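Participant: Here the sequence shown is numbered in my numbering, starting from 469 and rising by one per residue.
Quick caveat, the hints were computed from the structure, so don't treat them as lab data. Bear in mind that the values here come from a model prediction, so they are computed numbers and not experimental data. Heads up, some of the hints might be wrong.
What the hints assert, rightly or not - Once the Cα atoms are required to be at most 20 Å apart in a straight line, the calculated EDC-like pairs of lysine to aspartate or glutamate come out as:
(1) Lys577 - Glu564
(2) Lys548 - Glu585
(3) Lys577 - Glu717
(4) Lys647 - Glu624
(5) Lys470 - Asp539
(6) Lys577 - Asp562
(7) Lys523 - Asp510
As the list claims (entries may be wrong) - Ranges of calculated distance between the beta carbons of each label pair, as one might list FRET restraints:
(8) Lys756 - Lys621: 41 to 51 Å
(9) Ser698 - Glu503: 40 to 50 Å
(10) Gln559 - Asn509: 22 to 32 Å
(11) Glu503 - Lys793: 55 to 65 Å
(12) Glu533 - Glu717: 30 to 40 Å
(13) Asp530 - Ser612: 27 to 37 Å
(14) Glu796 - Lys558: 44 to 54 Å
(15) Lys783 - Glu735: 34 to 44 Å
Note that CB positions come from ideal geometry on N, CA and C, so glycine has one too.
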Amino acid sequence: MKNIAIIGSGSWGVALAIHLANMGHNIKIWSFEKEEADLINDGKCKFLPNAVVPKNVICKTDFKEVIEDSDIILHVTPSKFTRNIVKQYKQFVDCEKQPIIICSKGIEKDTSLTLDEVIKQEIPNARIGALSGPSHAEEVSIASPTVLVVASKDKEIQHLIQDNFMNEKMRIYTSDDIKGVELGGALKNIIAFCTGVIAGLGYGDNAFAALITRGLTEIRRLGIKMGAESNTLYGLSGLGDLIVTCLSEHSRNRKAGKLIGQGKTIEETKKEVGMTIESIDNIEVAKKLSERLNVSMPIVDVVYDILYNKLEPNKAVEMLMTRDKKEED
469 MKNIAIIGSG
479 SWGVALAIHL
489 ANMGHNIKIW
499 SFEKEEADLI
509 NDGKCKFLPN
519 AVVPKNVICK
529 TDFKEVIEDS
539 DIILHVTPSK
549 FTRNIVKQYK
559 QFVDCEKQPI
569 IICSKGIEKD
579 TSLTLDEVIK
589 QEIPNARIGA
599 LSGPSHAEEV
609 SIASPTVLVV
619 ASKDKEIQHL
629 IQDNFMNEKM
639 RIYTSDDIKG
649 VELGGALKNI
659 IAFCTGVIAG
669 LGYGDNAFAA
679 LITRGLTEIR
689 RLGIKMGAES
699 NTLYGLSGLG
709 DLIVTCLSEH
719 SRNRKAGKLI
729 GQGKTIEETK
739 KEVGMTIESI
749 DNIEVAKKLS
759 ERLNVSMPIV
769 DVVYDILYNK
779 LEPNKAVEML
789 MTRDKKEED
């Protein structure tokens, strides 16, 4: 039994809390809003209407109360808020005793840093891991079988998470490629957004399969250039997460793309989805990284133009289909 602090009370943070609490761990969640904390303490989550939050989950709005005496800290906030929130809680972290496990997916927009790099800048001595893979919060919260990967350069952290998170409903693999695990989780959101656009345009399975396959090629190109291992990007946090996010109606990134494909604006889309859409921020970052690192990412290029240069989605598809002839890579 462990004391586990979860920083973030969104759907994924609460889903992890439910899973871990049901295993017998003591869970404290930090929430930005008292109203949300009160709802969780009443056994409910507004993002997970079918879930029941166990009694051994406590939600508070004070970082110190949540983090003190914890054995593991799970960071589960939207990527764009990561640095600011880490700044607020870093004074309470005992780096030797409390590893920080990144459960968010994204790249910092202003710096193009992965989230482990952001946390390392703010807490240089932090022991860090990343937990990722094909996992919708809606399914984890009701104990649907799920398989994830935890990555860290620290073998002790790998085994700590594997030993304490794994049961008959959740299987955990280990990896030392934290860069690959983080990038797979962040970049797949962009391709999921694109599959939503395809759905919004009314295209069929042929287009979905092509987009996912070529999207993975772009993820692999950029990931390897940034230091990820190819095998990781073909694994759970790359291909696995890509499949589940592209094909499921649970995916908020796919839903956002579908609304754009149907003609909605970014503002209308954000309002209708009602939760953080990581892909919209990450598209800007991926575009900037592809240009800086000289990586060919035609799918990213056209979806960037759809969002920010008023390119019509059907015209974007035509542009991709009529690119110069080439060999498959």
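Participant: If a hint holds in the structure, say so; if it does not, say that too.
Facilitator: Hint-by-hint comparison with the structure:
{"no.": "1", "hint": "Lys577 - Glu564", "verdict": "29 Å, violated"}
{"no.": "2", "hint": "Lys548 - Glu585", "verdict": "14 Å, holds"}
{"no.": "3", "hint": "Lys577 - Glu717", "verdict": "26 Å, violated"}
{"no.": "4", "hint": "Lys647 - Glu624", "verdict": "18 Å, holds"}
{"no.": "5", "hint": "Lys470 - Asp539", "verdict": "6 Å, holds"}
{"no.": "6", "hint": "Lys577 - Asp562", "verdict": "28 Å, violated"}
{"no.": "7", "hint": "Lys523 - Asp510", "verdict": "9 Å, holds"}
{"no.": "8", "hint": "Lys756 - Lys621: 41 to 51 Å", "verdict": "27 Å, violated"}
{"no.": "9", "hint": "Ser698 - Glu503: 40 to 50 Å", "verdict": "45 Å, holds"}
{"no.": "10", "hint": "Gln559 - Asn509: 22 to 32 Å", "verdict": "25 Å, holds"}
{"no.": "11", "hint": "Glu503 - Lys793: 55 to 65 Å", "verdict": "57 Å, holds"}
{"no.": "12", "hint": "Glu533 - Glu717: 30 to 40 Å", "verdict": "37 Å, holds"}
{"no.": "13", "hint": "Asp530 - Ser612: 27 to 37 Å", "verdict": "33 Å, holds"}
{"no.": "14", "hint": "Glu796 - Lys558: 44 to 54 Å", "verdict": "46 Å, holds"}
{"no.": "15", "hint": "Lys783 - Glu735: 34 to 44 Å", "verdict": "22 Å, violated"}
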